[in-house]
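Visitor: Read off the chains here:
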Amino acid sequence: MAKEKGYRELPPGGLILEAGNAAEYITGGWRTYRPQVDKGLCTNCLQCWLLCPDCCIHVDDGTMTGYDYDHCKGCGICARICPVKAITMILETDPRGGADERGQFNSKKKA
Amino acid sequence: MGRVVALTGNEAAAEAMRQIDPDVVAAYPITPQTELMHKFADFVADGLVKTEVILVESEHSAMSACVGACAAGARVMTATSANGLALMWEIVYIAASLRLPIVMTVVNRALSGPINIHCDHSDTMGCRDSGWIQLYGENPQEAYDNLIQALKIAEHPDILLPVMPTYDGFIISHTLERLEVLGDDEVKRFVGEFKPAHPLLDLSRPVTYGPLDLQDYYFEHKKAQAEAMKRAKGVVRAVGEEYGRLTGRSYGFFDAYRTEDAEQIILCLGSSAGTAKEVVDELREKGRRVGVLKLRMFRPFPAEELAGAIGHASAIAVLDRAEGFNGVSGPVGLEVRSALYGRSAALVGNYIYGLGGRDLRPELIVQVFDDLAGGRAPLLEAAHLGVRE
Chain A
-4 MAKEKGYREL PPGGLILEAG NAAEYITGGW RTYRPQVDKG LCTNCLQCWL LCPDCCIHVD
56 DGTMTGYDYD HCKGCGICAR ICPVKAITMI LETDPRGGAD ERGQFNSKKK A
Chain B
36 MGRVVALTGN EAAAEAMRQI DPDVVAAYPI TPQTELMHKF ADFVADGLVK TEVILVESEH
96 SAMSACVGAC AAGARVMTAT SANGLALMWE IVYIAASLRL PIVMTVVNRA LSGPINIHCD
156 HSDTMGCRDS GWIQLYGENP QEAYDNLIQA LKIAEHPDIL LPVMPTYDGF IISHTLERLE
216 VLGDDEVKRF VGEFKPAHPL LDLSRPVTYG PLDLQDYYFE HKKAQAEAMK RAKGVVRAVG
276 EEYGRLTGRS YGFFDAYRTE DAEQIILCLG SSAGTAKEVV DELREKGRRV GVLKLRMFRP
336 FPAEELAGAI GHASAIAVLD RAEGFNGVSG PVGLEVRSAL YGRSAALVGN YIYGLGGRDL
396 RPELIVQVFD DLAGGRAPLL EAAHLGVRE
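Taken in order, these protein sequences are the chains called A and B. Residue numbers for the first sequence follow this note's numbering, so the first one is -4 and each next one is one higher. Residue numbers for the second sequence follow this note's numbering, so the first one is 36 and each next one is one higher.
In short, the hints are calculated from the structure, not lab data. As the structure is a prediction and not an experimental result, all values here were calculated from the model. One or more of the hints may lead you astray.
[Stated by the list, open to error] Quick list of simulated restraints, FRET-style, between CB atoms:
no.: 1; chain 1: A; residue 1: T22; chain 2: B; residue 2: V422; range: 24 to 32 angstroms
no.: 2; chain 1: A; residue 1: K(-2); chain 2: B; residue 2: E125; range: 52 to 60 angstroms
no.: 3; chain 1: A; residue 1: P78; chain 2: B; residue 2: L247; range: 32 to 40 angstroms
no.: 4; chain 1: A; residue 1: C40; chain 2: B; residue 2: D251; range: 55 to 63 angstroms
no.: 5; chain 1: B; residue 1: R266; chain 2: A; residue 2: L41; range: 27 to 35 angstroms
no.: 6; chain 1: B; residue 1: G377; chain 2: A; residue 2: C50; range: 34 to 42 angstroms
no.: 7; chain 1: B; residue 1: E125; chain 2: A; residue 2: T22; range: 27 to 35 angstroms
no.: 8; chain 1: A; residue 1: E87; chain 2: B; residue 2: E92; range: 45 to 53 angstroms
no.: 9; chain 1: A; residue 1: C50; chain 2: B; residue 2: D248; range: 22 to 30 angstroms
no.: 10; chain 1: A; residue 1: T22; chain 2: B; residue 2: F254; range: 18 to 26 angstroms
no.: 11; chain 1: A; residue 1: T22; chain 2: B; residue 2: D237; range: 28 to 36 angstroms
no.: 12; chain 1: B; residue 1: K257; chain 2: A; residue 2: K68; range: 24 to 32 angstroms
Just so it is clear, CB atoms sit at the ideal spot from N, CA and C, and this is done for glycine as well.
The whole structure should be built from the sequences, with the hints applied where relevant.
Guide: Below is the structure:
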């Protein structure tokens, strides 16, 4: 989170003078449930990417690679739309998971 | 150079608006709107100004259109009165909060109800804390002068606050008086060209007006707004002096009349000051040490300067043309007493007078000076001057 500015440093009237600064506002802390994706099931259909209201699905060269947890609010739309049920929502406090920092795990990969 | 003309207060203000030729004027075209906007609409219809006039369906919409036009980068003016100002309420605050230098003349008239269309200050006193600079005029000359200065104050890059020049309904708005007006080119030179800092229509520099502003920044924005209001004092003074060099009529925060050695002082706003000065002259001839201070700038409130100008008096009467409905005092009375606290030992009495256009007759002013001299000033609770028991 950007350091909060003092009143002397602000443009008058609460104006916002630059475009695209919503990224500075970290909304991930609002989340109760965290999405995680099982890449063993994921078909990279990208419906989650299409429907995420906060552009939090990372895609690399046509492959769904995980989540932007700084901004994902945990709405669960990605889990609801996933046609192969590869995405599960788990409580932030749930010690289960097994996903990496991007929210990925692979149920079909041999340990 | 200036011309001497005979105009009503409304005509004088409309003449100033014609000379300024603002980009946009949005106004509600029916009562409580006054003749001021009617006169200005004549100028528009006659092709004497290039202003785009937006006639809207309510005063709430009038101020909304002003906010939108000013944010877009236009020089914007409007006018209203009484209940019209009350209906604008929500957007009056937003104009100030967004730091939009809109100039709105308010012809001071009583708020309903029961229905009354005559002069008192209940309309502008009601929005004294809305973040607008307020300048009260005494006569058509000041209606004209204040309106021209208001624009220059509002648009000053250090200020960017809306300004509300006012004058008394009917008593000034409809009274024909002699005044001096400037040449059109002199007015245009004085107000200069408006250079908006962050116009919405500048697509190369995108800007967001009025975003959601929560616990983390709203407080800082209000503090910045309050600081701009404090800075406005210096700009009001500088603009008033510059206007004086142009016209011979300098303006400050107030007009102190025979107060230097006065033991009793009446403080009032607007047209009543003219009557009070007459009474002061009469009483001075009888050897009474009395004076009157006409407060021109009520927002920001010049507490320190006011205390310096009247604090030496033994007794002061503040005349309020608005009821405070607090059981204690009118709005000006409260602020003057607060300004003198810790700075002066003068006793401050408070009178409510002239509501709904009731005349302030000279004998009532004599009565106030007699109260002050005789130790009968209403110190703890405002008295109602000239009301029937």
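Visitor: Would you mind marking each hint as holding or not holding in the structure?
Guide: Taking the hints in turn, this is what the structure says about them:
1. Restraint check, T22(A) to V422(B): a C-beta distance of roughly 59 angstroms breaks the suggested window 24 to 32 angstroms.
2. A beta carbon spacing of about 33 angstroms between K(-2)(A) and E125(B) contradicts the range 52 to 60 angstroms that was offered as a hint.
3. Here the CB-CB span from P78(A) to L247(B) is close to 36 angstroms, well matched to the stated 32 to 40 angstroms.
4. Judged by the Cβ atoms, the range 55 to 63 angstroms given for C40(A) and D251(B) is violated: they are separated by roughly 39 angstroms.
5. The given range of 27 to 35 angstroms is broken by R266(B) and L41(A), whose C-beta atoms sit roughly 54 angstroms from each other.
6. A C-beta distance of roughly 58 angstroms is found between G377(B) and C50(A), which places it outside the suggested range of 34 to 42 angstroms.
7. Taking the beta carbon of each, E125(B) and T22(A) are about 29 angstroms apart, inside 27 to 35 angstroms as hinted.
8. The hinted range of 45 to 53 angstroms is satisfied by E87(A) and E92(B), whose Cβ atoms lie roughly 50 angstroms apart.
9. Judged by the Cβ atoms, the range 22 to 30 angstroms given for C50(A) and D248(B) holds: they are separated by roughly 23 angstroms.
10. The hinted window of 18 to 26 angstroms between T22(A) and F254(B) holds, with their beta carbons roughly 21 angstroms apart.
11. Between T22(A) and D237(B) the Cβ separation comes to about 30 angstroms, which falls inside the hinted range of 28 to 36 angstroms.
12. Distance hint for K257(B) and K68(A): a CB-CB separation of about 29 angstroms, consistent with the stated range 24 to 32 angstroms.
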